[in-house]
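Colleague: So the chains spell out like this:
Protein chains: 2
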Amino acid sequence: MNAMRELSVELGERSYPIFIGEGLLEQAGELFEKQGIGKKSPVLIVTDEHVAVRHLDKLVDVLQRSGYQTESAVVPPGETSKSLAVFEDLMTKALQAGLDRKSTIVALGGGVVGDLAGFVAASYMRGIKFVQVPTTILAHDSSVGGKVAVNHPQAKNIIGAFHQPELVLYDLNTLQTLPAREVSAGLSEVVKHGLIWDSEFVQWCDDHGDRLLALDPEALGYALYKGCTVKAAVVSRDERENDLRMILNLGHTIGHALEAVAGYNELLHGEAISIGMVGSARLAVELGAPQEVLTVTKRVLSRVGLPVRLPEHLDTDRIMEAMMHDKKFLEGTMIFIVPTAIGQVEINKSVSTELVRKIVEQLKQEAVQA
Amino acid sequence: MNAMRELSVELGERSYPIFIGEGLLEQAGELFEKQGIGKKSPVLIVTDEHVAVRHLDKLVDVLQRSGYQTESAVVPPGETSKSLAVFEDLMTKALQAGLDRKSTIVALGGGVVGDLAGFVAASYMRGIKFVQVPTTILAHDSSVGGKVAVNHPQAKNIIGAFHQPELVLYDLNTLQTLPAREVSAGLSEVVKHGLIWDSEFVQWCDDHGDRLLALDPEALGYALYKGCTVKAAVVSRDERENDLRMILNLGHTIGHALEAVAGYNELLHGEAISIGMVGSARLAVELGAPQEVLTVTKRVLSRVGLPVRLPEHLDTDRIMEAMMHDKKFLEGTMIFIVPTAIGQVEINKSVSTELVRKIVEQLKQEAVQA
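Chains as they are written, first to last, in our numbering: chain A, 1103 to 1472; chain B, 1103 to 1472.
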């Protein structure tokens, strides 16, 4: 077993630690206690049916042995659980379980469970404590930073809050059963954190892509630690997304449009973002950045098994239209996060719609590397 | 016309002003602008059917003349609108109206509208700006302090947030059409603010009760100013109800139980709280406070037309049972806010259930003053 890594999200009195390591579920009781999660009031664990089968019994057992009273709520897997209807069911469950103002809600699962359980914690009795126990690589992103939400039938993540957890507990062992495609998709946001902030880490990903794909615990622990470090640094400087936090959207303007047009089955979020990041790199080169920005971006994404070319059958007009509906669109020009070098980006608020269309067309011809 | 009164709720970067005066609706445009409510993004006014008839057209007209784009949403009057279903309808309305992150939601109405619209503002896109335009006396209490919520079928106010408004705009003219019974019930929380914090103001209410009942604008403006001042002082010291803010619950432990047992039609909130405050004063005397605490409390509440005796037909066992379900109950003893003198209270965490039962019985025999 490798050593546990720890880092802190610095937000004044709302600061909290992230623990990353193998076998951390077994230490949940001690770590909860260390972070001041009380034992007098019941704890509600929220998870989904897939994760429940693998990890729920263990977490319940560990917490109960440490003296916690736990209740569990298991929701169906997938994005459809991020609804106000499931939110209300969880409120009922919280009431029935006797949760009070000193209770804690634990999100055991991926991003859907974290967003949903987090918004329940943000709203129950106007806000109670909350712990993130992510079980996917992708959730290294959503579990840090306090953004929680459910969907409205007409818009994703439109009903939510900023509610920071008390701690994030990342057990690398829970990642060992992830399907290969989800591993790569999760690494997309890891690489993104390098591309916006840390060129050395991008180089490291380039050198160690195969270890990551093989779920080597030491490599995975390091990569998640670095990814969380960047996310924490950005969030510490701009908790409520007034300016800097926007750089976390690298690749997301094109990516969200691709998800919407392709349907959520053809492209996973991480895959769409990967293509979007190649688009941003192309845009960067068009705007004067060195060619290396594009070649390195493509190479490192390919290394971790991610697509860099836009599927040709996706209609450019529909992609452009989907982008127009995106929040980042503003009167004729578009807001883009654009790399200036590897590990550096800027917020460009006046990218012309025509240039974006050209990039989308180019992305369909992108050379795929071996 | 009397001068406008202004006071500030001091909460660091979340500080905001309360404006109280006659004809302030006509000045809404300027006051919004002064507080930084932007004109580029649409404003959504939320109100109920009763208030809409009287004041909506004027507010819309004034804001549009100042250059604001407004949309309106009218909900049914009454507590049943504080539901997740109406909350979701308002989210749909906000989306359709094109509200963005710089938009503002205006609550025009009493406590129900303020709580509901406030929770929509707290959650839409994880929180947008919010303005309170209270149109009842009771709402002087709920519109200050940032507590917003909707009800769960099994519990009041259980789903909510702390979300401070940008400003509170209190037009005394909107109060002139209130029915007499609601005037008295609203004054209950005004008197409460005196009883917990300011003995001179209690004396003033005692001296000027008839002017308040006659809705004399100068007296009403002063009383609301004083009530809001106390509320603001308490909230500034304890925004999230960790300790001090609990003193605002004077009379509420018994009061909530009476509301639950009597049904929400027999006793208005303010009436139930009035009887609860007499109960707290009785409790205080039992615990050693001077007799004057009881006599003055009863006298001032009577002066503003409020009941001081508990209706005999309400069953003591059921009242006790309702109190046990209250959040303020803890293992055999109860938490009560207890006066130590007029204008001073303490938080007593070990009041015996037996003593409370005795007080409830005594409240049924309370002598009513002329």
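Just so you know, these hints were derived from the structure itself, not from any lab.
Check before you lean on any hint, since a few could be wrong.
As the list makes no split between identical chains, a pair holds if one copy fits it or if it spans any two.
The calculated lysine-lysine pairs, modelled on BS3-like cross-linking and capped at a C-alpha distance of 25 Å, are [said to hold, decoys possible]:
(1) Lys1460 to Lys1142
(2) Lys1160 to Lys1204
(3) Lys1460 to Lys1136
(4) Lys1142 to Lys1195
(5) Lys1460 to Lys1195
(6) Lys1136 to Lys1258
(7) Lys1195 to Lys1466
(8) Lys1204 to Lys1136
(9) Lys1142 to Lys1258
(10) Lys1466 to Lys1160
(11) Lys1160 to Lys1258
(12) Lys1451 to Lys1160
(13) Lys1204 to Lys1258
(14) Lys1466 to Lys1142
(15) Lys1141 to Lys1466
(16) Lys1466 to Lys1204
(17) Lys1160 to Lys1195
(18) Lys1136 to Lys1451
Since we're looking at a predicted model, the values are computed, not measured.
Colleague: Does each hint hold? Answer for all of them.
Modeller: A quick look at each hint next to the structure:
no.	hint	result
1	Lys1460 to Lys1142	neither (60 Å within a copy, 31 Å between copies)
2	Lys1160 to Lys1204	within (24 Å within a copy, 45 Å between copies)
3	Lys1460 to Lys1136	neither (54 Å within a copy, 44 Å between copies)
4	Lys1142 to Lys1195	within (18 Å within a copy, 42 Å between copies)
5	Lys1460 to Lys1195	neither (51 Å within a copy, 36 Å between copies)
6	Lys1136 to Lys1258	neither (35 Å within a copy, 33 Å between copies)
7	Lys1195 to Lys1466	neither (48 Å within a copy, 38 Å between copies)
8	Lys1204 to Lys1136	within (16 Å within a copy, 39 Å between copies)
9	Lys1142 to Lys1258	between (36 Å within a copy, 23 Å between copies)
10	Lys1466 to Lys1160	neither (46 Å within a copy, 55 Å between copies)
11	Lys1160 to Lys1258	neither (32 Å within a copy, 35 Å between copies)
12	Lys1451 to Lys1160	neither (48 Å within a copy, 38 Å between copies)
13	Lys1204 to Lys1258	between (30 Å within a copy, 18 Å between copies)
14	Lys1466 to Lys1142	neither (58 Å within a copy, 37 Å between copies)
15	Lys1141 to Lys1466	neither (55 Å within a copy, 41 Å between copies)
16	Lys1466 to Lys1204	neither (53 Å within a copy, 36 Å between copies)
17	Lys1160 to Lys1195	within (21 Å within a copy, 44 Å between copies)
18	Lys1136 to Lys1451	neither (44 Å within a copy, 28 Å between copies)
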